[in-house]
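Sequences are here, hints too, so could you generate the full structure?
There are 2 protein chains.
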Amino acid sequence: MKELDFSHSLSSLIDFDSLLNRQVTLTGQIQNISELAWGGFIHLRLPNYVIQCVIDREKSKISFDGLRNESAVKITGTVVTSTIKNPNLWPRNVEVQVSAIDILAASETPELPVDISKKVLNCDLNTKFNYRPLTLRHPGQRAVFRIASCIYNEFGNFLNSIGFTRICSPKIVSGSAEGGANVFKLPYFDREAFLAQSPQFYKQMMVGVFGRVYEEAPVFRAEEHNTSRHLNEYISLDFEMVLENGFEDIIQVETAALNNIFAKLKETCRPEINLLGIEIPEIKKIVTVKFAEVHEIVFKETGRDFRDQNDLDPEEERLICDYSQKHWSSDFVFVTHYPASKRPFYALNDPGNPEETCSFDLLFRGIEITTGGARMHIYADYVKKMERRGMNVESFESFLQIFRYGMPPHGGLGLGLERLTAQLCGLANVKEASLFPRDMHRLEP
Amino acid sequence: MKELDFSHSLSSLIDFDSLLNRQVTLTGQIQNISELAWGGFIHLRLPNYVIQCVIDREKSKISFDGLRNESAVKITGTVVTSTIKNPNLWPRNVEVQVSAIDILAASETPELPVDISKKVLNCDLNTKFNYRPLTLRHPGQRAVFRIASCIYNEFGNFLNSIGFTRICSPKIVSGSAEGGANVFKLPYFDREAFLAQSPQFYKQMMVGVFGRVYEEAPVFRAEEHNTSRHLNEYISLDFEMVLENGFEDIIQVETAALNNIFAKLKETCRPEINLLGIEIPEIKKIVTVKFAEVHEIVFKETGRDFRDQNDLDPEEERLICDYSQKHWSSDFVFVTHYPASKRPFYALNDPGNPEETCSFDLLFRGIEITTGGARMHIYADYVKKMERRGMNVESFESFLQIFRYGMPPHGGLGLGLERLTAQLCGLANVKEASLFPRDMHRLEP
Numbered sequence: 006m007k008e009l010d011f012s013h014s015l016s017s018l019i020d021f022d023s024l025l026n027r028q029v030t031l032t033g034q035i036q037n038i039s040e041l042a043w044g045g046f047i048h049l050r051l052p053n054y055v056i057q058c059v060i061d062r063e064k065s066k067i068s069f070d071g072l073r074n075e076s077a078v079k080i081t082g083t084v085v086t087s088t089i090k091n092p093n094l095w096p097r098n099v100e101v102q103v104s105a106i107d108i109l110a111a112s113e114t115p116e117l118p119v120d121i122s123k124k125v126l127n128c129d130l131n132t133k134f135n136y137r138p139l140t141l142r143h144p145g146q147r148a149v150f151r152i153a154s155c156i157y158n159e160f161g162n163f164l165n166s167i168g169f170t171r172i173c174s175p176k177i178v179s180g181s182a183e184g185g186a187n188v189f190k191l192p193y194f195d196r197e198a199f200l201a202q203s204p205q206f207y208k209q210m211m212v213g214v215f216g217r218v219y220e221e222a223p224v225f226r227a228e229e230h231n232t233s234r235h236l237n238e239y240i241s242l243d244f245e246m247v248l249e250n251g252f253e254d255i256i257q258v259e260t261a262a263l264n265n266i267f268a269k270l271k272e273t274c275r276p277e278i279n280l281l282g283i284e285i286p287e288i289k290k291i292v293t294v295k296f297a298e299v300h301e302i303v304f305k306e307t308g309r310d311f312r313d314q315n316d317l318d319p320e321e322e323r324l325i326c327d328y329s330q331k332h333w334s335s336d337f338v339f340v341t342h343y344p345a346s347k348r349p350f351y352a353l354n355d356p357g358n359p360e361e362t363c364s365f366d367l368l369f370r371g372i373e374i375t376t377g378g379a380r381m382h383i384y385a386d387y388v389k390k391m392e393r394r395g396m397n398v399e400s401f402e403s404f405l406q407i408f409r410y411g412m413p414p415h416g417g418l419g420l421g422l423e424r425l426t427a428q429l430c431g432l433a434n435v436k437e438a439s440l441f442p443r444d445m446h447r448l449e450p
Numbered sequence: 006m007k008e009l010d011f012s013h014s015l016s017s018l019i020d021f022d023s024l025l026n027r028q029v030t031l032t033g034q035i036q037n038i039s040e041l042a043w044g045g046f047i048h049l050r051l052p053n054y055v056i057q058c059v060i061d062r063e064k065s066k067i068s069f070d071g072l073r074n075e076s077a078v079k080i081t082g083t084v085v086t087s088t089i090k091n092p093n094l095w096p097r098n099v100e101v102q103v104s105a106i107d108i109l110a111a112s113e114t115p116e117l118p119v120d121i122s123k124k125v126l127n128c129d130l131n132t133k134f135n136y137r138p139l140t141l142r143h144p145g146q147r148a149v150f151r152i153a154s155c156i157y158n159e160f161g162n163f164l165n166s167i168g169f170t171r172i173c174s175p176k177i178v179s180g181s182a183e184g185g186a187n188v189f190k191l192p193y194f195d196r197e198a199f200l201a202q203s204p205q206f207y208k209q210m211m212v213g214v215f216g217r218v219y220e221e222a223p224v225f226r227a228e229e230h231n232t233s234r235h236l237n238e239y240i241s242l243d244f245e246m247v248l249e250n251g252f253e254d255i256i257q258v259e260t261a262a263l264n265n266i267f268a269k270l271k272e273t274c275r276p277e278i279n280l281l282g283i284e285i286p287e288i289k290k291i292v293t294v295k296f297a298e299v300h301e302i303v304f305k306e307t308g309r310d311f312r313d314q315n316d317l318d319p320e321e322e323r324l325i326c327d328y329s330q331k332h333w334s335s336d337f338v339f340v341t342h343y344p345a346s347k348r349p350f351y352a353l354n355d356p357g358n359p360e361e362t363c364s365f366d367l368l369f370r371g372i373e374i375t376t377g378g379a380r381m382h383i384y385a386d387y388v389k390k391m392e393r394r395g396m397n398v399e400s401f402e403s404f405l406q407i408f409r410y411g412m413p414p415h416g417g418l419g420l421g422l423e424r425l426t427a428q429l430c431g432l433a434n435v436k437e438a439s440l441f442p443r444d445m446h447r448l449e450p
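Those protein sequence lines, which keep their order, are chains A and B.
Start counting the first sequence at 6; every next residue gets the next number (my numbering).
Start counting the second sequence at 6; every next residue gets the next number (my numbering).
For the record, the hints were derived by calculation from the structure and aren't laboratory data.
Any given hint might turn out to be false.
As a list, the in silico DSSO-like pairs of lysine-lysine whose alpha-carbon atoms are at most 27 Å apart [to be verified]:
1) Lys-190(A) <-> Lys-190(B)
2) Lys-290(A) <-> Lys-7(B)
3) Lys-7(A) <-> Lys-190(B)
Short derived list, chain A residues pointing at chain B, Cβ under 8 Å [stated by the list, open to error]:
4) Met-6
5) Gly-216
6) Phe-225
7) Arg-226
8) Val-294
These numbers were taken from a predicted model, which means no experiment stands behind them.
All C-beta atoms in this analysis are idealised placements derived from N, C-alpha and C, irrespective of residue type, glycine included.
Given below as C-alpha cells:
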C-alpha cells in the first residue's frame with residue numbers, strides 16, 4: 006500500500022497576472038511558430054488559453070529546428086508584461102520569455118492536412134469535419150465549444166437553483182414519443198427497440214415524482230434531410246414542470262434560464278466572445294405572438310401568403326424575426342397557439358379554441374430553437390384524443406398509467422443546444438455547433 | 006403581439022421558515038392521508054419537500070370524501086410551528102393549517118397497484134420497476150435520485166472549476182472502443198453503426214483540443230449478463246486530461262472531485278441523507294495498492310488464492326475492501342498496475358514493467374466504481390501494440406490521426422453514476438440507482 010498526497014494537478018486555471026515576473030512551466034501544444042532573425046514566437050495552446058512565448062535565440066540557446074506546429078511541449082520561462090493585438094491569443098497583457106523547451110511528443114507531420122495556425126480557419130465544411138480532431142484545435146473552433154459547454158452547464162445550474170431535479174432517462178426505448186417515422190431501430194437482445202427521439206414521456210412521468218425536472222442528453226432523429234438546420238443526433242436541453250398559471254409559466258422559466266446563460270457567458274467567456282466577434286443578447290421583454298397572427302403580419306408586411314399552412318415555413322420564421330427586430334426590438338419571438346393538427350397527441354388544446362394548442366416555439370435570429378407547451382393531464386382526455394387520431398392506446402399504457410394515478414397540470418420544452426450555440430456564434434450551419442456531427446452521410450470521425 | 010411579465014413561476018424552493026404564520030398556496034400531490042375523528046393529516050408532495058398539512062374538520066369545513074392518495078391538489082393554509090418525527094417528511098419544524106383544498110386532477114384509482122404511502126416501500130424489484138412512474142414517487146426512492154442528481158451536477162461543476170471543458174461526443178459511432186463484443190448494432194441509413202460503449206476515443210481526441218475535458222452521458226453495453234452489478238445502459242462520468250506527473254494525476258483529480266461531491270451532498274441533501282439513514286464518506290487519505298499485491302494480501306489474509314487470475318474477481322474486490330477498512334481505515338482503494346493483457350490496447354504500459362499498465366480501478370465499499378489510467382500518446386506505439394494484438398490498424402485511422410499531429414501525455418477515467426449512487430445509498434442492486442433500468446429483459450417503462 007502506498008499513500009498519495011493530495012497536493013498537485015488540481016488547477017489549470019492559471020492566474021497569469023499573479024505570476025508576473027515569476028517562472029512558470031506550462032504543458033501544452035504549439036499552435037503556431039514565427040521564426041525571425043533574433044529568435045521568434047511560439048503560440049502555446051493551454052486548456053483555456055493560447056499564450057505568446059518569446060524565444061531570444063542568443064539568450065536562451067534554443068533552436069527552432071526541432072519545433073513543429075502541434076507538437077506537445079513543456080515550456081519553462083518568465084511571465085512578463087506585454088500588449089498583444091492578436092485576437093487568437095489569450096491572455097493578451099502578458100507573455101512568457103522562454104528559457105527552456107522540452108518536447109514531450111513531436112508532431113510527425115511537417116505539413117498538417119489543414120493549416121490551423123492562421124487567424125481564420127480557411128477550409129470547406131467537409132474538410133473541416135473530416136479532420137475534426139485537428140480543426141477543432143483552431144482557437145475559433147475551440148471558442149464555439151467553450152460557449153456550448155457554458156450553455157449546457159448554466160442551463161442545469163439555473164434550473165437547479167429554482168427547485169428542478171436533473172433526470173437521466175433511457176435512450177433505448179420500446180416505443181416512440183414523436184410518432185413512427187424518423188426513428189432509429191435496433192435489435193435489443195431478442196426484441197426490437199428504438200433510440201429515443203426525445204425524453205418526452207419520461208419527463209412527464211417524472212413531473213409526478215419531482216414536480217420540476219430537467220435533462221440534458223442526446224436525442225436521435227432518423228430524418229432523411231441534410232439541411233443546415235438538422236442533425237441526426239443532437240443535445241436536447243429539456244425541462245418539464247407543474248404549471249401554476251398555464252403554459253406562460255414555461256415561457257417565463259425559459260426566459261430566465263436564457264438570461265442567466267447569457268449573463269454567465271458574458272462573465273466567463275469574454276475571450277471567446279471577443280475572438281468570435283459576436284454579441285450576446287439579453288431578453289429585455291418577452292414578446293409573444295399567436296401563430297395565426299404571424300401569418301397575417303408576414304402577409305401584410307411582405308405580401309408572402311402562408312395563411313393556408315398549418316406550420317411555419319423556415320422562410321416565414323426568418324421574416325417574422327426580421328419584423329420583430331424592427332418593430333418590437335427583440336431578437337426573440339415566442340410564437341404561441343400552434344394548430345392542434347401539427348402538434349403531438351399529448352399537447353393540451355386551448356379550452357377556448359380546440360383547434361389551437363397551449364404551445365409555443367421560440368424563434369431566435371431567424372430560426373426555431375425551442376418547442377414547448379402544456380400537456381394534457383387527464384387520463385380520459387388522452388384516450389379520447391388518441392382514439393380520434395387512430396392511435397393504439399394500449400401500446401402507450403406504460404406511459405398512460407401516470408394519468409390514472411393523478412397528475413398535476415404540467416408542461417415543458419426542448420431546447421436544441423447546437424441550434425442555440427450556432428445562432429449565438431453566428432454559424433451558418435448547425436453542424437458546426439456539433440463536435441462530431443452526424444448526418445445521413447457522416448458517421449466519422 | 007403580447008408582452009408577458011417576468012415575475013412569477015420562478016421559485017419552488019420555498020423558505021418555509023420565513024413564511025411562519027403567513028398564508029401559502031401550494032400545488033402538489035397527496036402522498037398520504039390520515040383521517041381521524043377531529044379531522045386529519047395530508048402529506049403533500051412538493052418538488053423538494055413532503056410537508057404535513059393539518060385539516061381541522063370543524064374550522065375548515067373540508068370533507069375527506071373527495072381526497073385520494075396521488076391526486077394533484079392546490080392547498081391554501083397557514084404555516085405554523087410543529088415538531089414532526091416522521092422521517093419521510095421535510096420540513097419537520099413546520100406544518101400547514103389548511104383552509105382550502107382545490108382538486109386539480111383526481112387519482113382515478115382508489116387502490117394504487119403499489120402502496121407508496123408507507124414509510125418503507127414494500128415490494129419486490131420487479132414490481133418496483135414495472136410500476137416505476139408510481140414507485141419513484143415514494144420519498145425513499147426520490148431521495149436516491151436527488152442524490153444522483155447532485156453527484157452529476159457537482160462532478161461537472163468541480164471539473165469546470167479546475168479548467169476542464171464539457172464535451173458532448175456522439176453516441177452513434179462507426180466503430181467500437183472497447184472491442185467487438187457487447188456492442189449494440191443498428192442500421193444507420195445505408196450503413197451499419199454502433200452505440201458508443203464509452204466516449205474513449207472522443208475524449209482522447211478532445212485532449213488535443215482543450216487539454217482537460219469531461220463528459221456525462223449514457224453509454225451502452227450489450228452484455229448478456231443479468232447481475233446486480235450490470236446495466237445495459239448507464240450514465241458514465243468521464244474525464245480525460247494532460248498528465249504532468251503520470252497517472253497519479255488522475256487519481257488526485259478523482260479524489261478531489263469525489264470529496265467535493267461528498268461535501269456538496271452533505272450541504273444540500275441533508276433531508277435525503279437522513280431519510281435514507283446513510284453516511285456520506287470523505288476520502289481522508291489516498292490509498293493505492295498494486296494489483297499483484299491485492300492477490301498476495303487476499304491470499305495471506307483469507308487463504309483464497311486468486312494469484313493466477315489476471316483480473317479481480319468480484320469476491321476479491323469485496324475482500325480487499327474489507328481489508329482496507331480494517332487495516333487502512335479507508336472506504337476507498339485505488340488498485341493500480343493492472344496486467345496489460347486485461348487492459349484495452351490504448352492503455353499505457355509501465356515503462357519499468359511492460360506486463361503492467363499505468364492504470365487503476367477505484368473500489369468503494371466492495372465494488373469497482375471507476376476504471377482509469379494513462380494512455381499511449383505516440384503514434385508508433387499504437388501501431389506496434391495493435392499489430393501485436395492482431396487488430397486492423399487502418400480501421401482506427403480516424404482516431405489514430407491525432408497521434409500523428411502530436412498529443413501530450415494524457416489519461417483519464419470513467420465513473421459509473423449508478424454504481425456510485427448505489428454504493429452511497431446502500432442499494433443492493435445497481436438497477437435501483439437507475440430511474441428506468443435497462444437489462445436483457447427490461448425495456449419498459
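Was the hint right that Arg-226(A) lines chain B, CB cutoff 8 Å?
-> violated, 11 Å
27 Å Cα cutoff - pair Lys-290(A), Lys-7(B) | Holds, at about 10 Å.
Hint check, Gly-216(A) versus chain B [nearest Cβ-Cβ separation less than 8 Å] = Nearest chain B Cβ about 4 Å off; hint holds.
Is the Cα-Cα distance between Lys-7(A) and Lys-190(B) 27 Å or less?
-> Given pair Lys-7(A), Lys-190(B) is violated - Cα atoms ~43 Å apart, limit 27 Å.
Let me know if the C-beta of Met-6(A) comes in closer than 8 Å to any C-beta of chain B, holds or violated.
-> Holds, about 5 Å.
Given the hinted pair Lys-190(A) and Lys-190(B), is their alpha-carbon gap at most 27 Å?
-> holds, 10 Å
Hint status (Cβ of Val-294(A) to nearest Cβ of chain B, threshold 8 Å) = holds, 5 Å
If you take the shortest Cβ to Cβ gap from Phe-225(A) to chain B, is it below 8 Å?
-> holds, 7 Å
Of the hints listed earlier, those the structure fails to meet are numbers 3, 7, in rising order.
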